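Starting from the structure of chain G, add chain X where the hints point.
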Amino acid sequence: GQQLNQSPQSMFIQEGEDVSMNCTSSSIFNTWLWYKQDPGEGPVLLIALYKAGELTSNGRLTAQFGITRKDSFLNISASIPSDVGIYFCAGPMEYGNKLVFGAGTILRVKS
Amino acid sequence: DAMVIQNPRYQVTQFGKPVTLSCSQTLNHNVMYWYQQKSSQAPKLLFHYYDKDFNNEADTPDNFQSRRPNTSFCFLDIRSPGLGDAAMYLCATSRDEERPTTDTQYFGPGTRLTVL
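Protein chains in written order, with the working numbering: chain G, 1 to 111; chain X, 1 to 116.
Excised from the complex, chain G in its bound form (with noise of 0.2 Å):
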């Protein structure tokens, strides 16, 4: 079936830093979404990207969409400590209307 590995697992980084996480899989995805959820709520969705090689930019984030189709990116510049929380990736199934979604990033940020 669809998987997504999500990579890495946590990070744990100093404020101000960048940070870079990824999501790859072995099927083509036509759709990457990226969410943050923190402590207690529900996911937030970031970035959503549609087309192949697309580019896309929310404040300080940044997300592209992999010309294979089979990977997407999520850059965060200059993290301060309410970046902190958990960077889920995710794809929508080849047929219905379900998502796949990737293990999660933990995101933890030094001040």
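Think of the hints as simulated: they come from the structure by calculation, not from any bench.
Nothing false has been slipped in among the hints.
Under the rule of at most 20 Å between Cα atoms (straight-line distance), these lysine to any residue pairs were calculated in the SDA-like manner:
{"hint": "1", "chain 1": "X", "residue 1": "K38", "chain 2": "G", "residue 2": "V84"}
{"hint": "2", "chain 1": "X", "residue 1": "K44", "chain 2": "G", "residue 2": "Q3"}
{"hint": "3", "chain 1": "G", "residue 1": "K110", "chain 2": "G", "residue 2": "I86"}
Label-pair restraints from in silico Cβ distances:
{"hint": "4", "chain 1": "G", "residue 1": "L55", "chain 2": "X", "residue 2": "N55", "range": "26 to 36 Å"}
{"hint": "5", "chain 1": "G", "residue 1": "A52", "chain 2": "X", "residue 2": "Q14", "range": "43 to 53 Å"}
{"hint": "6", "chain 1": "G", "residue 1": "G59", "chain 2": "X", "residue 2": "P61", "range": "33 to 43 Å"}
{"hint": "7", "chain 1": "X", "residue 1": "D59", "chain 2": "G", "residue 2": "K70", "range": "23 to 33 Å"}
{"hint": "8", "chain 1": "X", "residue 1": "F73", "chain 2": "G", "residue 2": "T68", "range": "40 to 50 Å"}
{"hint": "9", "chain 1": "G", "residue 1": "E15", "chain 2": "X", "residue 2": "F54", "range": "41 to 51 Å"}
{"hint": "10", "chain 1": "G", "residue 1": "S27", "chain 2": "X", "residue 2": "P18", "range": "38 to 48 Å"}
{"hint": "11", "chain 1": "G", "residue 1": "K110", "chain 2": "X", "residue 2": "K52", "range": "47 to 57 Å"}
{"hint": "12", "chain 1": "G", "residue 1": "Q2", "chain 2": "X", "residue 2": "P61", "range": "16 to 26 Å"}
{"hint": "13", "chain 1": "X", "residue 1": "N7", "chain 2": "G", "residue 2": "A52", "range": "35 to 45 Å"}
{"hint": "14", "chain 1": "G", "residue 1": "R60", "chain 2": "X", "residue 2": "G16", "range": "41 to 51 Å"}
{"hint": "15", "chain 1": "X", "residue 1": "G82", "chain 2": "G", "residue 2": "N58", "range": "37 to 47 Å"}
{"hint": "16", "chain 1": "X", "residue 1": "D96", "chain 2": "G", "residue 2": "T62", "range": "22 to 32 Å"}
This structure is a prediction, so every number in the text was calculated from the model and none was measured.
We put the CB at the ideal spot given by N, CA and C, even for glycine.
Then chain X, alone, in the frame of chain G:
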């Protein structure tokens, strides 16, 4: 603002005592989902409604039921909660139009369920 709302945010129930969680949306989306999420794991889909059409996941226990009386509301009923059902329950919506728009899901803030 258009949004997905879940009530209550925190629910405590006793082992075996039925509980109902609710979700409402002002997005006018025709697809609604219920997920279960355990600590630091990805959300796990329980079932979803495409309009009034109910779609159960093969591995969702019979203990979990759902109702969708209208477009805006969806309920999750846990008939006899066990200790293993303690989790965050997330509601999400999407609008079924042409792909890729239909693939984007919007989540509510979740209900944290504790089973004593």
